[in-house]
Amino acid sequence: MVTVARPATAADAAWYSIERQGDTLRLVVGGFWIISEARRLDPGLRALDAAGAARVEIDCGALGRLDTVGAWLLLRTKRILEHRGLVVQPVNVRSEYRALVHTIDTECRAPAVELPPRHRFTAHLERLGRGLSHALHQGYELVGFFGLIVSETIATVVQPRRLRVAALVHQMEETGLNALPIVGLLSFLIGVVVAYQGADQLRQFGAEVFTVNLLGVGILRELGGLMAAIIVAGRSGSAFTAQIGTMKVSEELDAIQVSGLNTVEVLVLPRLLGIMLTLPLLTFYSNAMGLIGGAVMCYFDLHITIPVFLHQLRSAVVGWTFWVGLIKAPVFAFIIALVGCHQGFKVERNASSVGRHTTQAVVESIFLVIVADAAFSISFSRLGI
Amino acid sequence: MSAAAAAPAVIRVQGLVTRLGGRVLHDHIDLEVFQSEVLGVVGGSGSGKSVLLRSIIGLQQPTAGTIEVLGQNIADLDGDELVRMQIRWGVLFQDGALFGDQTVAENVQIPLREHTDVPQQLMDEVASVKLSMVGLPPDAAGKYPAELSGGMRKRAGLARALALDPELLFLDEPTAGLDPISAAQFDELVRDLQRSLRLTVFMVTHDIDTLRATTDRIAVLVDSRITIGTIASLRDDPNPWIHEYFAGVRGRAALAT
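Chains as they are written, first to last, in my numbering: chain A, 1 to 385; chain B, 1001 to 1257.
The following block holds chain A by itself, in its conformation from the complex:
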């Protein structure tokens, strides 16, 4: 027979014992039936052996304290025994605990809901499927948003009065001017790193001077523009989502709509055009800072003086090299604004969704910028420029 005896050390520990008188089984409980004792009491009560008994009395006379968990254990025991066909006397506790027992006994009638067990493999499969369908859906929505933006942009071009100049200038300041320090610093450092690594490798062939060619082509064609785009995606793309998303949470978007204004015209176009105008400028600036960084490194590490550097640079940067970098900037800008604003509109009306969509905007825009860059590289090499 399972019983939980009172430990000799603790005076207020919970205990129970079982006495039999004929066909009556007496469950005597005592001590503090509280949550901290539940672990010791639970298994024995669950598997209480009442074989041969027809009636059960639960004697709570020695009960010290009782809390919800203790009361539940008593009532659960009663219900288990009743379920086996025994007649169980009502749980009779001290007056101060009667309300608690009564509340639990009357409120907790419904059987506990069994949550469906999850299979490991199918759960993973389900996640994969959900992720895929989410990504496809995302792409589909983005195409729809793209169409909306293009049609609104065309409408604005036809009717330039619809453009909000003050908002546009403000966005250009936010996304362009305020990004100058960080873009400049990081591009400078990238120039230093490329020059340093290039010099290290080329020195083995005695071709240190070609570090300048590496710098010129690498930074102008790829790195300058990519750095500027990634920083702007992190700084401004996320800001677009957060700003528009916060407005959605506080119902400002609805207010704009019911005031007869067009949300795309008011919120998206200034951001889109602002970033499309500033990112090429930022790319140019990023290129310049990258080259300066490289030149500084060349001067100190390879002792290539500035006139020699410039001369070598002029021979390396031929034809389209400079323009290849700049042409990509408006496209990158369009992607960043498109994704940033789209995610902003997708925010639901709760605060946590702002954070989630902001993260998603940054990840998605950087991903798409790099994909677009790869597509550009392939097309340019096919075109031979």
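Watch out, some of these pointers could steer you wrong.
Okay, the calculated bits of chain A under chain B, using three or more residues with CB under 8 Å as the criterion [claimed, not checked]: (1) 38-48; (2) 56-69; (3) 100-106.
Everything labelled a hint here was simulated from the structure, so no lab data went into it.
Glycine included, every Cβ here is placed at the ideal spot set by N, Cα and C.
Here the structure of chain A is known, so what remains is to put chain B in place on it, guided by the hints.
Just chain B, lined up with the frame of chain A:
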């Protein structure tokens, strides 16, 4: 009130001063909450009701004064002592403050899992006991907070606050944002639970119906000071705000029934 006065004070606030952003919210406030009573705190918007609650539960540092809860000075507690104190109270925040990435049942189990060694199967049972005690249907257990209505979220928040059988319950605007029927049901629930669990309840509210239905005493926070009384005594208070609150159109309508 005489019965309440005989009981020991569970919360004792003495000379509390709170200055926030250059404004004095509380100017030497004294307040006692006695065992097993329901104290309602009312006051205008921005009068510092919620700040008073936050000060008592230690989320807000007072500028001056002492706050004792269950005989211990809140400012002196740290580490394990503070955790032991926090187990003895439950807090229901305005919108439930449920954790959005966990189901309702998991939310209720968080305090149990952190602070007790109850086995999982019993923990599931206890969670469903708590949820049915606050009047939630059994299928709410597996839902996420975002799938629940405002009233159900508050009930689930209350179930989590009650998970460890606290002695003291703090409610921050429990009926704000609920329709009158849900609000009345929530009032009744608080009263029932207070009786069966013998809770001491500290409730911040705007709702005069809630005050009438649930509270034993009322503390009015006005002009940075506190006036304590019952609805009947506060009606004749000389302070114009208090008088308007309890004897104005809404107050009369609520108290007439």
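Cross-check of the supplied hints:
Counting residues of the stretch 38-48 of chain A whose C-beta sits closer than 8 Å to any C-beta of chain B gives 4, which meets the bar of three, so the coverage hint holds. Counting residues of the stretch 56-69 of chain A whose CB lies closer than 8 Å to any CB of chain B gives 3, which reaches the minimum of 3, so the coverage claim holds. With 4 residues having a beta carbon nearer than 8 Å to a beta carbon of chain B, the stretch 100-106 of chain A meets the requirement of three or more and the stated coverage holds.
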